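*Asks:* Sequence:
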Amino acid sequence: MNSSSTPLDAGGPDEPPGARPGSSLTAARRSRELARTVGGASVDVLVVGLGATGAGAALDAAARGLSVAAIDAHDLAFGTSRWSSKLIHGGLRYLASAQLDVAHESAVERGVLMERTAPHLVGAQPFVLPLTPLVSRGQAALAWAGFRAGDGLRLAARTARATLPAPRRLSVVETRHLAPALRGSGLRGGLLSWDGRLTDDARLVTALARTAAARGARVLTRVRALELTATGARVRDELTGEEGEIRARAVINASGVWAGGLVEGVRIRPSRGTHLVLRSERLGPLPAGLHIPVPGESNRFVLVLPQGDGRVYVGLTDEPVEGPVPDVPEVPETDIGFLLDVLGSALDVPVRREDVVGAFAGLRPLLDATPEGVGTPRTADVSRRHAVLTSADGVITVVGGKLTTYRRMAEDAVDAALTARGLAAGPSPTAALPLVGAASPRTLAALQAPRRLVRRYGAEAPYVHALGVGDPRLGEPVLDGHPVTRAELVWAVRHEGALDEADLLDRRTRVGLVPADRAAALDAAREALGEVLGSR
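To get my numbering, take the position in the sequence shown, counting from 1, and add 1.
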């Protein structure tokens with residue numbers, strides 16, 4: 002156990018100003034820490050997978066004073082954690098299926114993120130459920146009862162009313178004001194509800210990884226686990242092809258939909274959730290998101306989520322996936338057609354196939370707990386409870402759950418690892434541990450930086466903004482019509498561990514969700530990499 006009060010590998014003497022000490026992830030730091038870790042002395046905990054749960058486990062273990070190495074075959078947030086709806090749910094869906102414990106846990110974790118650990122990244126999102134002719138009065142009454150119950154969950158989780166306003170009924174005029182794209186014919190009004198919403202799920206993972214790094218965790222991307230045991234892993238550096246061993250006293254498998262490929266006996270049932278990307282001008286102004294009921298379903302909705310960057314997301318599906326798990330899931334035309342059909346049931350504005358400028362799909366790592374010989378339920382009906390499993394030789398695997406509950410999943414996984422391997426450490430402190438960039442609402446409001454940057458970088462926003470002020474060229478957008486600046490790309494290489502163009506465009510920013518935008522921004526990404534990495 003690392004008992005030193007000074008974080009391991011605090012980032013080196015050349016760490017740029019503006020970041021929390023020791024939190025900057027760079028190519029140089031990766032090289033140093035990889036050399037120390039592969040073939041070196043044992044760490045207390047090795048975490049495999051750097052999505053939200055894996056990065057959360059690395060932070061949890063490091064915050065307890067344990068020495069930690071965390072690896073991923075690709076990049077931070079490469080898998081499911083960048084393909085979510087960006088929502089931090091309060092557990093309403095679980096109430097409908099009588100999973101009261103899961104509902105309460107989800108509401109508690111939402112409050113932790115919104116009020117303590119990541120108020121810069123998670124805010125309140127209003128949603129309108131339009132009462133169209135396809136929504137019966139009985140369905141409307143059921144939905145209203147659900148929203149009221151959801152507000153009860155907020156109260157039980159002790160989340161302040163100022164953080165999440167109360168649901169209320171809307172008149173037809175109010176509904177059309179919040180959602181002008183709705184079809185007015187037969188509209189009876191709407192129901193307004195609130196939930197948590199991430200600025201960007203991949204930025205949450207980046208903040209988790211950097212906070213873990215500030216606590217001494219060695220965060221190593223492009224390091225693939227080839228084989229796991231209870232005492233470490235055989236790994237390969239994907240940049241050089243070199244193989245070696247990482248020794249550890251405990252191993253946590255947090256590789257999501259790929260978890261079953263590393264540990265025998267873990268059965269994952271992936272479920273595909275697809276989103277469409279539209280240009281904002283196609284739907285017009287959207288002060289609120291939309292819950293559009295799926296015709297013929299009593300408790301299923303398609304979400305319309307304005308992003309504030311000229312784009313709108315529409316999702317999502319819940320379809321089982323068979324066969325090998327791909328690195329990046331493809332979006333089938335059937336999913337696109339389904340989502341467009343549901344949009345067409347409520348919107349006055351026609352949305353056609355050619356209006357879809359991008360699409361993405363994520364695979365939910367659902368645990369297949371169906372007994373042999375029993376028919377498999379729909380993935381939409383599979384429980385979202387997370388599970389922490391200990392293999393016969395002592396490898397800990399954490400699967401299932403939701404993005405909202407990543408912190409609790411990480412805590413449970415570390416607790417299990419400590420028990421299984423006989424390690425000593427105190428309880429998890431992460432429920433009260435602010436992530437990189439976090440600050441009080443008053444502090445965030447007073448920052449001298451554009452609001453868009455504050456929502457993405459929190460307390461670090463002035464430093465990102467200063468890059469563009471000091472060098473006007475860096476203040477320019479990476480492409481016409483999109484707010485991301487060249488300064489953000491440079492910051493991502495200097496501080497956030499970006500190693501190539503895909504890291505910059507597909508994860509540190511989300512420019513790459515629209516293929517045409519990605520192509521237009523590629524030169525800017527290459528210039529940022531050359532400017533920073535070429536100067537070292």
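Please keep in mind that the hints were generated in silico from the structure rather than gathered at the bench. On a predicted model such as this, the values are computed, not experimentally measured, just so you know. Every residue, glycine too, gets a C-beta built ideally from N, C-alpha and C. Possibly wrong hints are sitting among the right ones.
Claimed, not checked - Computed spacing ranges between beta-carbons, pair by pair:
1. 282 <-> 162: 49 to 55 Å
2. 327 <-> 285: 32 to 38 Å
3. 527 <-> 452: 40 to 46 Å
4. 99 <-> 476: 49 to 55 Å
5. 280 <-> 150: 32 to 38 Å
6. 532 <-> 166: 28 to 34 Å
7. 98 <-> 159: 19 to 25 Å
8. 137 <-> 334: 27 to 33 Å
9. 476 <-> 531: 40 to 46 Å
10. 33 <-> 159: 28 to 34 Å
11. 356 <-> 532: 35 to 41 Å
*Asks:* Does each hint hold? Answer for all of them.
*Replies:* Cross-check of the supplied hints:
Between residue 282 and residue 162 the beta carbon distance is about 35 Å. The supplied range of 49 to 55 Å is therefore violated. For residue 327 paired with residue 285, a C-beta distance near 35 Å keeps the hint of 32 to 38 Å intact. Separated by about 29 Å at the C-beta atoms, residue 527 and residue 452 break the suggested range of 40 to 46 Å. Between residue 99 and residue 476 the Cβ separation comes to about 53 Å, which falls inside the hinted range of 49 to 55 Å.
As the Cβ distance of residue 280 to residue 150 is approximately 36 Å, the hint placing it in 32 to 38 Å holds. At roughly 44 Å, the beta-carbon separation of residue 532 and residue 166 lies outside the given 28 to 34 Å, and the hint is violated. For the pair residue 98 and residue 159, the supplied restraint of 19 to 25 Å holds, since their beta-carbon distance comes to about 24 Å. Range check, residue 137 to residue 334: about 31 Å between beta-carbon atoms, so the 27 to 33 Å window is met.
Between residue 476 and residue 531 the beta carbon distance is about 19 Å. The supplied range of 40 to 46 Å is therefore violated. Here the CB-CB span from residue 33 to residue 159 is close to 43 Å, at odds with the stated 28 to 34 Å. Our hint of 35 to 41 Å for residue 356 and residue 532 holds, since their Cβ atoms are close to 36 Å apart.
Checked against the numbered hints above, the structure breaks hints 1, 3, 6, 9, 10 and satisfies the rest.
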